[in-house]
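If you read the sequences in order, they're chains A and B.
Using this note's numbering, the letters of the first sequence map in sequence onto residues 1 to 111.
Using this note's numbering, the letters of the second sequence map in sequence onto residues 1 to 116.
Hints are supplied without guarantee of correctness; some may be wrong.
As the list claims (entries may be wrong) - Straight line, CA to CA, 25 Å or less: simulated DSS-like cross-link-like pairs of lysine-lysine:
#1 LYS98/A <-> LYS36/A
#2 LYS36/A <-> LYS44/B
#3 LYS98/A <-> LYS15/B
#4 LYS15/B <-> LYS44/B
#5 LYS44/B <-> LYS62/B
#6 LYS44/B <-> LYS67/A
#7 LYS68/A <-> LYS11/B
#8 LYS15/B <-> LYS67/A
#9 LYS56/A <-> LYS68/A
#10 LYS67/A <-> LYS56/A
#11 LYS62/B <-> LYS15/B
#12 LYS56/A <-> LYS70/A
#13 LYS44/B <-> LYS11/B
#14 LYS78/B <-> LYS15/B
#15 LYS11/B <-> LYS83/B
#16 LYS106/A <-> LYS44/B
#17 LYS44/B <-> LYS78/B
#18 LYS56/A <-> LYS106/A
#19 LYS70/A <-> LYS44/B
#20 LYS98/A <-> LYS56/A
#21 LYS71/B <-> LYS98/A
#22 LYS98/A <-> LYS70/A
#23 LYS68/A <-> LYS98/A
#24 LYS36/A <-> LYS106/A
Derived by calculation from the structure, the hints in this document are not laboratory data.
The structure presented is a predicted model; accordingly, all values stated were derived computationally and were not measured.
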Amino acid sequence: GEDVEQSLFLSVREGDSSVINCTYTDSSSTYLYWYKQEPGAGLQLLTYIFSNMDMKQDQRLTVLLNKKDKHLSLRIADTQTGDSAIYFCAEAPGGYQKVTFGTGTKLQVIP
Amino acid sequence: EAGVAQSPRYKIIEKRQSVAFWCNPISGHATLYWYQQILGQGPKLLIQFQNNGVVDDSQLPKDRFSAERLKGVDSTLKIQPAKLEDSAVYLCASSSTGTGNIETQYFGPGTRLLVL
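Bound conformation, chain B alone (with noise of 0.2 Å):
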């Protein structure tokens, strides 16, 4: 079974810039998060979207950031205008909702932005 795929993995932007990153999760799972992880931390839940509709967004800086998941499958998440706080890991997760009473999320491998 393939996993939760993430590009790009790396990523230098300079501040004010725009960048957006890609997550195609696991097939056939229903629920997508992005989370971003600042070094030293744990991860921090940005979004979560159950199909294509936004379950909870309430930590997403919606003046610069936004993420969209057309048809429930892939997602990408965008930052506009990038600040230096913004470096971190974001991760994206997947997990397959009613498959019982406990839910397993399968994480990608991240993309390192880093902006100077």
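In isolation and in its complexed conformation, chain A is listed as follows (with noise of 0.2 Å):
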């Protein structure tokens, strides 16, 4: 079945770069997202990648993609005390299809 793996927790100093990884075992994952959440409200989708594509590039978020070790990234630049939440990948085999979100990543930034 589906399994979507992240790390726990991540800190970095304000104005550094973040880059939360994400490994998932489906091979047929077509769309992959990286969701926020912050304390006490519902996920956010900050954006997603279709599996045919590489790197994607929005603002100051860079999401990399490795298909060969089903391997994802989501790079935040000037990481900002905002942007402290928590970061969830997740993946789908299709558009419309059921959506598998990973374990979570807790981003502290600190000022």
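Since each chain sits alone in its own frame, please combine them into the complex, following the hints.
Okay, here's the thing in structure tokens:
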């Protein structure tokens, strides 16, 4: 079955870059997502990438996909205190098919 | 545009009691999801509705959990009777199917359930 794994915690200084990593097992994954969850709030879709892409950049966010190793990463440039949250990667075999979420990485930004 | 609304925000009950959660999706969204998020884990899909029909309920513990979406709009999720391991945040999400080849799910703030 599907399994999506992430490291539990990451701490960075304000202004540095953050890199959050994720590995998945389902080779049929077509859509890969990054969600952000702030305390007491629901999940917010940050960005996504299709499996036929290697990289996607969206302002301060850069997503890298290594399909061979089933490894996905999210880089946040110039990390701010407002970026402190839990980040979930997720995958789905199709655009409207079941999304499987990872365990989440808690990002702590130190001022 | 109003977001996904959920109530109550918090609920504390004793084991073996019943509880119900309510979700109002974004207007016009045909697809509605209920997720269970246990502390320290990612959300796990419990049930997915397309309008008022069930698309996927493979991970719903049907002996104690039930959900309905009458008239294809609001939805309720019920647990009867509750167990200690049901303590979690219950997230509702909705999406507008057919607006492109990528599905964006919009999440509500969740209902935090504590079973004592």
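For each hint, the structure was consulted:
no.: 1; hint: LYS98/A <-> LYS36/A; in the structure: holds, 19 Å
no.: 2; hint: LYS36/A <-> LYS44/B; in the structure: holds, 16 Å
no.: 3; hint: LYS98/A <-> LYS15/B; in the structure: violated, 30 Å
no.: 4; hint: LYS15/B <-> LYS44/B; in the structure: holds, 22 Å
no.: 5; hint: LYS44/B <-> LYS62/B; in the structure: holds, 15 Å
no.: 6; hint: LYS44/B <-> LYS67/A; in the structure: holds, 24 Å
no.: 7; hint: LYS68/A <-> LYS11/B; in the structure: violated, 45 Å
no.: 8; hint: LYS15/B <-> LYS67/A; in the structure: violated, 45 Å
no.: 9; hint: LYS56/A <-> LYS68/A; in the structure: holds, 17 Å
no.: 10; hint: LYS67/A <-> LYS56/A; in the structure: holds, 14 Å
no.: 11; hint: LYS62/B <-> LYS15/B; in the structure: holds, 17 Å
no.: 12; hint: LYS56/A <-> LYS70/A; in the structure: holds, 16 Å
no.: 13; hint: LYS44/B <-> LYS11/B; in the structure: holds, 20 Å
no.: 14; hint: LYS78/B <-> LYS15/B; in the structure: holds, 14 Å
no.: 15; hint: LYS11/B <-> LYS83/B; in the structure: holds, 14 Å
no.: 16; hint: LYS106/A <-> LYS44/B; in the structure: holds, 18 Å
no.: 17; hint: LYS44/B <-> LYS78/B; in the structure: holds, 16 Å
no.: 18; hint: LYS56/A <-> LYS106/A; in the structure: holds, 22 Å
no.: 19; hint: LYS70/A <-> LYS44/B; in the structure: holds, 21 Å
no.: 20; hint: LYS98/A <-> LYS56/A; in the structure: holds, 23 Å
no.: 21; hint: LYS71/B <-> LYS98/A; in the structure: holds, 23 Å
no.: 22; hint: LYS98/A <-> LYS70/A; in the structure: holds, 18 Å
no.: 23; hint: LYS68/A <-> LYS98/A; in the structure: holds, 22 Å
no.: 24; hint: LYS36/A <-> LYS106/A; in the structure: holds, 10 Å
Hint check: violations occur at hints 3, 7, 8; the rest are consistent with the structure.
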